[in-house]
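Colleague: One line per chain: the protein sequences are A and B, in this order.
Heads up: the first sequence is residues 5 to 306, going by this note's numbering.
Heads up: the second sequence is residues 12 to 320, going by this note's numbering.
Don't read these hints as lab results, they were simulated from the structure.
The structure presented is a predicted model; accordingly, all values stated were derived computationally and were not measured.
For every residue, glycine included, the Cβ atom is placed at its ideal position computed from N, Cα and C.
Check the hints yourself; a few may be wrong.
[Unchecked claim] Chain B regions said to be covered by chain A (calculated; three or more residues, Cβ under 8 angstroms):
{"#": "1", "segment": "32 to 40"}
{"#": "2", "segment": "79 to 85"}
{"#": "3", "segment": "146 to 152"}
{"#": "4", "segment": "252 to 260"}
{"#": "5", "segment": "275 to 288"}
[Unchecked claim] One side of the interface only, derived from the structure: several residues of chain A facing chain B at Cβ under 7 angstroms:
{"#": "6", "residue": "Ile129"}
{"#": "7", "residue": "Leu132"}
{"#": "8", "residue": "Phe245"}
{"#": "9", "residue": "Met286"}
[Claimed, not checked] From chain A, some residues computed to sit far from chain B (all C-beta separations above 10 angstroms):
{"#": "10", "residue": "Arg18"}
{"#": "11", "residue": "Ala28"}
{"#": "12", "residue": "Val30"}
{"#": "13", "residue": "Leu42"}
{"#": "14", "residue": "Ala58"}
{"#": "15", "residue": "Leu91"}
{"#": "16", "residue": "Arg112"}
{"#": "17", "residue": "Arg162"}
{"#": "18", "residue": "Ser165"}
{"#": "19", "residue": "Leu193"}
{"#": "20", "residue": "Gly247"}
{"#": "21", "residue": "Met268"}
{"#": "22", "residue": "Arg269"}
{"#": "23", "residue": "Asn290"}
{"#": "24", "residue": "Asp294"}
The lines below spell out each chain.
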Amino acid sequence: MTGFLGSRELRRLRRNHVAVLAAASVVALTLVAAAAQLLAPYSFAAQHPDAINASPGARFVLGADGLGRDILSRLLHGARISLAVGLLSQVLVLGIGVPLGLVAGYFRGRVDAALMQVVDVMLAIPDLLFVIILSTLVNGLVAGARHGPLLWLDQLNRGTSGVLVIVVVVGLTGWLPLARLVRGQALSLSQHEFVEAARASGIRAPRLLARHLLPNVLDTVVTTVALGIPRAIFLEAALSFLGLGIQPPTPSWGIMIAEGIASMRFVPHVVMAPAVVLALSMLAFNFLGDSLRDVVDPKLRV
Amino acid sequence: MLVYVVRRILRLVAVMLTVYTLVFLVAHTIPGGPFEEGDLPIEASALANLRKHYRLDQPLWRQYVDSLWAIVRHGDLGPSYMSANRSVNDILADYVPVSLSLGLVAMGLAVALGIPIGLLAAIRRHSPVDRAALLFAVLGVSVPNFVLTPILIVGLSVWLRWLPSGGWAGVWSPRVIIPAVALAVAPAAGLAGYTRSAMLDVLGADYVRTARAKGVSPVGVIARHAFRNALIPVLTIAGLYLARVVTGSFFVETIAAVPGIGRYFVTSISTRDYPVMLGTTLLLAFVVASVNLIVDLLYAAVDPRIRYR
Chain A
5 MTGFLGSREL
15 RRLRRNHVAV
25 LAAASVVALT
35 LVAAAAQLLA
45 PYSFAAQHPD
55 AINASPGARF
65 VLGADGLGRD
75 ILSRLLHGAR
85 ISLAVGLLSQ
95 VLVLGIGVPL
105 GLVAGYFRGR
115 VDAALMQVVD
125 VMLAIPDLLF
135 VIILSTLVNG
145 LVAGARHGPL
155 LWLDQLNRGT
165 SGVLVIVVVV
175 GLTGWLPLAR
185 LVRGQALSLS
195 QHEFVEAARA
205 SGIRAPRLLA
215 RHLLPNVLDT
225 VVTTVALGIP
235 RAIFLEAALS
245 FLGLGIQPPT
255 PSWGIMIAEG
265 IASMRFVPHV
275 VMAPAVVLAL
285 SMLAFNFLGD
295 SLRDVVDPKL
305 RV
Chain B
12 MLVYVVRRIL
22 RLVAVMLTVY
32 TLVFLVAHTI
42 PGGPFEEGDL
52 PIEASALANL
62 RKHYRLDQPL
72 WRQYVDSLWA
82 IVRHGDLGPS
92 YMSANRSVND
102 ILADYVPVSL
112 SLGLVAMGLA
122 VALGIPIGLL
132 AAIRRHSPVD
142 RAALLFAVLG
152 VSVPNFVLTP
162 ILIVGLSVWL
172 RWLPSGGWAG
182 VWSPRVIIPA
192 VALAVAPAAG
202 LAGYTRSAML
212 DVLGADYVRT
222 ARAKGVSPVG
232 VIARHAFRNA
242 LIPVLTIAGL
252 YLARVVTGSF
262 FVETIAAVPG
272 IGRYFVTSIS
282 TRDYPVMLGT
292 TLLLAFVVAS
302 VNLIVDLLYA
312 AVDPRIRYR
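I would like the entire structure built from these sequences, with the hints used as guidance.
Modeller: See below:
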């Protein structure tokens, strides 16, 4: 049993040119998003009435949108939103999926059976449909709160322009496949002799799970979570596109696409810029996730 | 087998109940519902009548049971909030046929594109064809259709002026091309990847080696021995991709101005017409869940090695 991503796996990953390119793009995207405030030539909300739908040029590198806002600056800030949702939602996915999967797989029995029934039922609901309904519900509950913890969540959600609700919804629907994978591995690992030995040494169950099972499922966890990031970025853009996600004027790539579509027949560059950036980011994350999976477990390859 | 069928049907019921409950919660627990006092410039008595008409004056559990019973008994999804005098069933009957024909064209295109690409990639493994197919598989899954649709419209109709930029005139009109391609790419990519790996599995199997050894021609081995066996798992996966076509239609229909149920669904989100939103959700979830059930049962019937647990 090796730990997480040994040197052999890393070497194989480095030899894969696509993986290296994808990783470089992800790093570049992260840096650009982190430095958005410094790099953006204008404020993302500043309107220039003399430059409505301006074409790309010296003043606005990627042009301006229908309200005369600089598209480049909005793209840069949109990258922050995408990455924030991508990473934060995976924290929630990890926090729910890993413990539930480990406990179900190790203890088995009724809890396991019940949990897997729930997971199977929830996985049978089309992902995007599930997320749309859930986010309508959570948005409504949070926005209508008059007191208690929901009111506090509402303030936090407004403060983050809607990121909080998206993270919660994407996280609450994203742990299902991870829990199932971890449960399967924990189930087979618990038959191994080293687990038997650990149990015989009188170790308590929580410690056994954390010290002996967890390190052995890390590979699966990392690859699943890596592929969860593009899913989250996609869902944020989709929800924002539908008006259920990020609240304007904060830019999100999904909102920019929705706004650009209204005028795409006359000023195509307004929709093309966010569309291309979103597609390239999704590609980079998916290629990286796929390569990680190939390296860690060639059998999982589809 | 019977136990398996019963279990799968129970699962379908559980899925639909979960969706119904979620959907009910959306319609009824969100504060500031459609007919609250003070929201509309209508007299209190008229508002009370409206609430009575939509049965919003009943206790919550009563509404839950009643509308569930109406759906199960008569397939009645209730009245729409926004379109007066129109029931959700009327609206679905108007818009679903368009989405259905668009979806069928897209699924046909996905199968016609994805399976041959995957097949070629597996036969010419490690060749440029294979690498291009793998690229297509990741590309198609990565590029969301609300990105692909505007790119296709801008490229093919705004810049090149080859195709009309939107609208609907039946499946034989060239207007169908852009939305159908936009919907088909993701399932085609998935099918290509899946066909490739299923073929590679089969090509490594002993009976294929036996066929080769006894002198069957290379084309014969692939056509008669390998492809047929690889196709079974691939076709069951095709059922799963239906969910992508269904949910993809929200964006593609909205952007390409196709008057289908996906577009209407998106409108119902922004107008907060909860009954329409919920009726559509229930219908789509039901279609996807039952297709998956049928596919699983067919798979079990076709392949005797499947264990029924």
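Colleague: Test the statement that Val30 of chain A is away from the interface with chain B: the closest C-beta pair must be farther apart than 10 angstroms.
Modeller: holds (13 angstroms)
Colleague: Checking hints one by one. Is Phe245 of chain A an interface residue toward chain B, by the C-beta closer than 7 angstroms rule?
Modeller: holds (6 angstroms)
Colleague: At 10 angstroms, judged by beta carbons, does Ser165 of chain A keep clear of chain B as stated?
Modeller: holds (18 angstroms)
Colleague: For Met268 of chain A, is the shortest CB-to-CB distance to chain B above 10 angstroms, so the non-interface label stands?
Modeller: violated (5 angstroms)
Colleague: Examine each Cβ of chain B, and state whether all of them lie more than 10 angstroms from the Cβ of Asp294 of chain A.
Modeller: The assertion about Asp294 of chain A is violated, with a minimum of 6 angstroms to chain B.
Colleague: Count the residues of the segment 275 to 288 of chain B with a beta-carbon closer than 8 angstroms to any beta-carbon of chain A: does the count reach three?
Modeller: holds (count 4)
Colleague: Under the criterion of a CB-CB separation shorter than 7 angstroms, is Ile129 of chain A in contact with chain B as hinted?
Modeller: holds (6 angstroms)
Colleague: Checking a non-interface call: every C-beta of chain B should be farther than 10 angstroms from the C-beta of Ala58 of chain A. Is that right?
Modeller: Ala58 of chain A is indeed farther than 10 angstroms from all Cβ atoms of chain B, at 18 angstroms.
Colleague: Evaluate the condition: distance from the CB of Leu42 of chain A to the nearest CB of chain B exceeds 10 angstroms.
Modeller: holds (28 angstroms)
Colleague: Beyond 10 angstroms from every chain B Cβ: check whether that's true for Leu91 of chain A.
Modeller: holds (18 angstroms)
Colleague: Has the segment 146 to 152 of chain B got at least three residues whose CB is nearer than 8 angstroms to a CB belonging to chain A?
Modeller: holds (count 3)
Colleague: Mind verifying the non-interface call on Leu193 of chain A? Its CB should be farther than 10 angstroms from each CB in chain B.
Modeller: holds (22 angstroms)
Going down the numbered hints, you'll see the structure goes against 2, 20, 21, 22, 23 and 24, while the others check out.
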